[in-house]
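J.: Please work from the sequences and hints to get the whole structure.
Next come the chains, spelled out residue by residue.
2 protein chains.
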Amino acid sequence: MKVIKSLNGEPVPIPQVRKELDEAYEIDTKFENSRVLYSMCNSPPQIAREAHLKFIEANLGDSPLYPGTLILEKSVISMIGGLLHAPDTMAGSILNGGSEANILSLWIAREKRNTSKELEVVVPESAHYSIEVACKMLRLKMRPIPLDENYVMDFKAAKENIKENTCAVVGIAGTTELGVIDPIPQLSKLCEERGIHLHVDAAFGGFVFPFLELAGWEGKFPLFDFRLMGVRSITVDPHKMGRSTQPAGALLVREQSDLQYIKFNSYYLSSSVQHTMLGTRCSASVASAYAVMRSMGKNGYINMLQGCMKRTNYLCRLLKEEKFQPAIEEPIAPIVVIKFPQEYVEAIRKTLQESPYDWRVSVCRHPPGIRVVLMPHVRDDILPSFVNDLKLVCEKLKIR
Amino acid sequence: MKVIKSLNGEPVPIPQVRKELDEAYEIDTKFENSRVLYSMCNSPPQIAREAHLKFIEANLGDSPLYPGTLILEKSVISMIGGLLHAPDTMAGSILNGGSEANILSLWIAREKRNTSKELEVVVPESAHYSIEVACKMLRLKMRPIPLDENYVMDFKAAKENIKENTCAVVGIAGTTELGVIDPIPQLSKLCEERGIHLHVDAAFGGFVFPFLELAGWEGKFPLFDFRLMGVRSITVDPHKMGRSTQPAGALLVREQSDLQYIKFNSYYLSSSVQHTMLGTRCSASVASAYAVMRSMGKNGYINMLQGCMKRTNYLCRLLKEEKFQPAIEEPIAPIVVIKFPQEYVEAIRKTLQESPYDWRVSVCRHPPGIRVVLMPHVRDDILPSFVNDLKLVCEKLKIR
Numbered sequence: 041m042k043v044i045k046s047l048n049g050e051p052v053p054i055p056q057v058r059k060e061l062d063e064a065y066e067i068d069t070k071f072e073n074s075r076v077l078y079s080m081c082n083s084p085p086q087i088a089r090e091a092h093l094k095f096i097e098a099n100l101g102d103s104p105l106y107p108g109t110l111i112l113e114k115s116v117i118s119m120i121g122g123l124l125h126a127p128d129t130m131a132g133s134i135l136n137g138g139s140e141a142n143i144l145s146l147w148i149a150r151e152k153r154n155t156s157k158e159l160e161v162v163v164p165e166s167a168h169y170s171i172e173v174a175c176k177m178l179r180l181k182m183r184p185i186p187l188d189e190n191y192v193m194d195f196k197a198a199k200e201n202i203k204e205n206t207c208a209v210v211g212i213a214g215t216t217e218l219g220v221i222d223p224i225p226q227l228s229k230l231c232e233e234r235g236i237h238l239h240v241d242a243a244f245g246g247f248v249f250p251f252l253e254l255a256g257w258e259g260k261f262p263l264f265d266f267r268l269m270g271v272r273s274i275t276v277d278p279h280k281m282g283r284s285t286q287p288a289g290a291l292l293v294r295e296q297s298d299l300q301y302i303k304f305n306s307y308y309l310s311s312s313v314q315h316t317m318l319g320t321r322c323s324a325s326v327a328s329a330y331a332v333m334r335s336m337g338k339n340g341y342i343n344m345l346q347g348c349m350k351r352t353n354y355l356c357r358l359l360k361e362e363k364f365q366p367a368i369e370e371p372i373a374p375i376v377v378i379k380f381p382q383e384y385v386e387a388i389r390k391t392l393q394e395s396p397y398d399w400r401v402s403v404c405r406h407p408p409g410i411r412v413v414l415m416p417h418v419r420d421d422i423l424p425s426f427v428n429d430l431k432l433v434c435e436k437l438k439i440r
Numbered sequence: 041m042k043v044i045k046s047l048n049g050e051p052v053p054i055p056q057v058r059k060e061l062d063e064a065y066e067i068d069t070k071f072e073n074s075r076v077l078y079s080m081c082n083s084p085p086q087i088a089r090e091a092h093l094k095f096i097e098a099n100l101g102d103s104p105l106y107p108g109t110l111i112l113e114k115s116v117i118s119m120i121g122g123l124l125h126a127p128d129t130m131a132g133s134i135l136n137g138g139s140e141a142n143i144l145s146l147w148i149a150r151e152k153r154n155t156s157k158e159l160e161v162v163v164p165e166s167a168h169y170s171i172e173v174a175c176k177m178l179r180l181k182m183r184p185i186p187l188d189e190n191y192v193m194d195f196k197a198a199k200e201n202i203k204e205n206t207c208a209v210v211g212i213a214g215t216t217e218l219g220v221i222d223p224i225p226q227l228s229k230l231c232e233e234r235g236i237h238l239h240v241d242a243a244f245g246g247f248v249f250p251f252l253e254l255a256g257w258e259g260k261f262p263l264f265d266f267r268l269m270g271v272r273s274i275t276v277d278p279h280k281m282g283r284s285t286q287p288a289g290a291l292l293v294r295e296q297s298d299l300q301y302i303k304f305n306s307y308y309l310s311s312s313v314q315h316t317m318l319g320t321r322c323s324a325s326v327a328s329a330y331a332v333m334r335s336m337g338k339n340g341y342i343n344m345l346q347g348c349m350k351r352t353n354y355l356c357r358l359l360k361e362e363k364f365q366p367a368i369e370e371p372i373a374p375i376v377v378i379k380f381p382q383e384y385v386e387a388i389r390k391t392l393q394e395s396p397y398d399w400r401v402s403v404c405r406h407p408p409g410i411r412v413v414l415m416p417h418v419r420d421d422i423l424p425s426f427v428n429d430l431k432l433v434c435e436k437l438k439i440r
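Residue numbers (this note's numbering), protein chains in the order written: chain A, 41 to 440; chain B, 41 to 440.
It should be emphasised that the hints constitute simulated quantities derived from the structure, not laboratory data.
Take every hint as true, because none was put in to throw you off.
Simulated crosslink set (BS3-like; lysine-lysine; CA at most 30 Å straight-line):
| no. | chain 1 | residue 1 | chain 2 | residue 2 |
| --- | --- | --- | --- | --- |
| 1 | B | Lys176 | A | Lys152 |
| 2 | A | Lys152 | B | Lys303 |
| 3 | B | Lys70 | B | Lys379 |
| 4 | B | Lys181 | A | Lys176 |
| 5 | A | Lys114 | A | Lys94 |
| 6 | A | Lys229 | A | Lys181 |
T.: Written as structure tokens, this is what we have:
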């Protein structure tokens, strides 16, 4: 398998192209073998793939050509909006992922202020790097707020850092590293009083917490959705726990009128107004999200999440039996961080990846540790051997 | 076919989901019927779809998991780089389309200047709206330059508008509306002298002009690629004339070191450095671009383009026989704009779309007219009836 340096003159016969694709596919990591323990991407069900392929030509950037796909998008937005208790004024789009949704939300927040003065965004230190990307692109000053003892944004520090020129506050529902939820109810109240745009990044949590709540976990975690009047926009990724194909990230705004701040004319298309960043909007994954949501239903997601949480708790129990320390005593999302002194974390991660262990994990910064995400494709029967390998690696590295 | 308002409780059976997808698909417009005459999207060949589906789980945002897909991406970038005569220092990525590539290029140009002063971007009035999006997001002042009598950026006006605070000039190779090429050789010389980032938007033209040049059209249009030393970055869309699935837009930069300006750490992934805007990078379409490029080869694209240009010239001839006026005497890309007085353009477009005509065309601003793109899926046998319908519509509207 090598890089092809230049375009061939004559066509390469299809069987040869297939062989080359097979070679590339062969060395790619697969989720099905359950050894990738940190990815938030998923292995979409068959119906999601089937729908994707069927709508592969559709481009919602030119929606008048695709009234059918547009209905699918409206349905997906409406279904997600329902899960997040959105009011009737809500509007949304399916974009190329949570990053694009986060960038758009801060762009809206900046434009609302209609000033050339430097504006600031208050974000938890645990924010996804797309928030940093957004701030740099949009020339917004990012004010990172330290985490409290529960690894969520310290509300008091956040409050102190909100100033006259703060145009947005970002709260996270299901942090990338730990799966915890920022004090969004308090932030909502504060932002509502101060007239500041509160954006909630629920890229991961948007397809987790609504179903856990329905499954009886109510009260075990704070509210984060449109029931909180200060929440102006929410990012949710169907291509993570929603089980759709990539790329599919949703941005929902409380008031459709907020989209006016990012309106553009694309004269050359039949739809002449755009509210998104990119001209071509992959619509195959919109159909995929529709198909998988319909075919799962609330009960399908509830069952899936209960399975993930069962495996999460099982892993925590196995870890504690071996005297490892999970960062979160009672996880509210299928993410486990195993605490280690900072100086050992990278060595553990690397050694776990090597032969004979062959595990792919990632690291957590706050607290320092090894991070495992229990996506639906991670089977429970591999967890004892993972914990055992972690033990062996720690012994090998003389950590314990 | 109606919008689904909320997520069902019980799973909807797969056959019912399929039926709903069929209903949506039914009302979507299809390229295969050859009545969509303005889209720059394409109907990808079978091998492109097959490759897409095979790599549907891959996420190049986390490339260490996908060494195979990464080789496919490097191959695609290298093949495109070869077509554009890129030097060895070149680097690039496949992004979600030309819009994202254009935004990234101007972001790089802004960061290079490393100043908080307001910077400007000189662009032709014919620029794609993603350039306007980029300028608004990045807080760059856009200086639109009028077009000359050949509908390309007026070089003299461009030169006069380049100032101390100009951080980038955008030239277009294959304008969205007319398919013409800006005076990029002159712009290149000027930008090189002045140390200004020259970005070339060849989203459409990048898979057109290199093959027409190989087919003997050399000298019929100006150079626009890395052979011009002032060209710092180029946008090329495999998902347009490259025949890949969506979303696939390439950004190539002359010097890999330019990417340092947009470097981010994504600690939670195994690849800790990102040079793109979005965390999840759809990789299925990268595999698709690879497969279709290999299976077409230079000769496949040359044949395809020669076919498109033959149909373009055929349409021009039919139009002239009926005393319609194509804006460009000898088109260099498969786009035809039929000139009409501004006040009639929208009425003609709308009437053509209605029964019994049922044609989808779009409009051109400079000059005012009806725009037709002769993509590979537009068959030649429909062109006489299109011209005849245009005649009937003009008679009906009492335009001629």
